[in-house]
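> Could you put the whole structure together from the sequences, leaning on the hints where they help?
2 protein chains.
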Amino acid sequence: MKKYARQSKILELINEKEVETQEDLAEALKVIGIDVTQATISRDIKELRLIKVTAKSGKYKYGTIEESQNSISDRLVRIFKNSIVSIDAAMNIVIIRTIPGAAQICGSAIDSLQITDIGGSIAGDDTVFVACKSLESVDEIINNLYSIIN
Amino acid sequence: MKKYARQSKILELINEKEVETQEDLAEALKVIGIDVTQATISRDIKELRLIKVTAKSGKYKYGTIEESQNSISDRLVRIFKNSIVSIDAAMNIVIIRTIPGAAQICGSAIDSLQITDIGGSIAGDDTVFVACKSLESVDEIINNLYSIIN
DNA sequence: GAAATCCGTGTATAAATATGCAATAATAGG
DNA sequence: CCTATTATTGCATATTTATACACGGATTTC
Numbered sequence: 105m106k107k108y109a110r111q112s113k114i115l116e117l118i119n120e121k122e123v124e125t126q127e128d129l130a131e132a133l134k135v136i137g138i139d140v141t142q143a144t145i146s147r148d149i150k151e152l153r154l155i156k157v158t159a160k161s162g163k164y165k166y167g168t169i170e171e172s173q174n175s176i177s178d179r180l181v182r183i184f185k186n187s188i189v190s191i192d193a194a195m196n197i198v199i200i201r202t203i204p205g206a207a208q209i210c211g212s213a214i215d216s217l218q219i220t221d222i223g224g225s226i227a228g229d230d231t232v233f234v235a236c237k238s239l240e241s242v243d244e245i246i247n248n249l250y251s252i253i254n
Numbered sequence: 105m106k107k108y109a110r111q112s113k114i115l116e117l118i119n120e121k122e123v124e125t126q127e128d129l130a131e132a133l134k135v136i137g138i139d140v141t142q143a144t145i146s147r148d149i150k151e152l153r154l155i156k157v158t159a160k161s162g163k164y165k166y167g168t169i170e171e172s173q174n175s176i177s178d179r180l181v182r183i184f185k186n187s188i189v190s191i192d193a194a195m196n197i198v199i200i201r202t203i204p205g206a207a208q209i210c211g212s213a214i215d216s217l218q219i220t221d222i223g224g225s226i227a228g229d230d231t232v233f234v235a236c237k238s239l240e241s242v243d244e245i246i247n248n249l250y251s252i253i254n
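Sequence order for the protein chains is L and G. Quick note: the first sequence uses our numbering, first residue 105, plus one each step. Quick note: the second sequence uses our numbering, first residue 105, plus one each step.
No false leads were mixed into what you were given.
Since the list gives no way to pick out one identical chain from another, each pair is judged satisfied if it fits inside one copy or across any two copies.
Quick list of in silico lysine to any residue cross-link-like pairs, SDA-like style, CA-CA up to 20 angstroms: (1) Lys150 to Ile138; (2) Lys106 to Gly228; (3) Lys163 to Ala143; (4) Lys150 to Glu124; (5) Lys134 to Glu122; (6) Lys107 to Gly205; (7) Lys150 to Gln126.
Because the hints were derived from the structure by calculation, they are not lab data.
Listed below in structure tokens is the structure:
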């Protein structure tokens with residue numbers, strides 16, 4: 105049963121360097137004396153639940169879910185940036201206008217940020233209403249949102 | 105700029121049902137009036153940082169990193185199960201024997217479980233030493249480990 | 001100890017995904 | 001309003017990944 109020793113090595117390898125493809129991985133393994141085909145690696149990767157993520161370079165690389173967690177909200181922030189048209193307020197409601205169809209996703213983005221003093225949000229097609237728990241917190245929340253965009 | 109509206113829909117779709125391939129996604133989008141090719145979806149998926157995960161059925165499906173977080177340690181537990189040969193103790197050190205080459209990965213598994221009273225662990229090739237903070241906690245920790253295996 | 005079963009793997013290939021290039025659309029600058 | 005620049009997308013295809021099938025070796029069963 106050499107499978108787990110191999111899988112262990114695979115984890116090591118993808119931690120050490122950016123492995124782009126399963127072929128690459130197969131080659132790297134061959135160097136250290138483990139000789140398997142891409143097919144086997146495909147199966148290992150499935151078992152290990154490894155995922156292909158985009159490295160800083162923009163290239164793909166294999167990684168673990170754990171290590172990718174940092175970049176979670178990253179994604180939302182990026183979408184956020186690109187779809188917000190304006191931010192305004194009416195009493196304790198922050199009104200965010202987005203490009204058409206993007207309100208839902210911006211809503212989720214905001215929710216996932218877990219900003220204190222936000223009671224909740226509701227999103228239509230191009231507008232998100234964010235309910236602030238107090239009038240005092242509105243400005244801060246707006247600033248908070250702006251800071252994400254910039 | 106219909107891109108973000110589309111990406112928003114993509115997120116909705118993969119939440120609603122198990123989408124296996126990018127082609128499937130393209131078809132589902134077509135149904136709701138969004139007509140794009142697989143190539144575009146590939147790019148969207150890269151931007152959204154969606155990942156292919158194994159659904160309960162064993163099939164692949166697209167998902168977000170967030171939703172896959174539950175299954176994180178899942179993986180480690182599975183490896184754990186399959187590579188542990190024996191668990192024993194010497195004073196405050198729990199000694200875990202694994203199949204050759206699997207000690208490292210088991211060590212990481214244990215670390216990631218964040219069991220209280222474990223000071224740390226060190227792994228060779230087929231043996232892991234787990235340092236318990238007190239003699240009293242040893243039994244409990246061993247039971248803990250056994251329960252994972254079963 | 002032969003037969004049946006299971007597991008891990010390679011081979012070959014189908015299936016799925018990523019991408020270079022070109023066209024088009026959106027945006028900005030004057 | 002026109003031009004330059006940048007973004008978005010499709011098409012075609014290269015690249016990458018998953019898998020059906022077959023096989024060998026272990027393990028179990030009777």
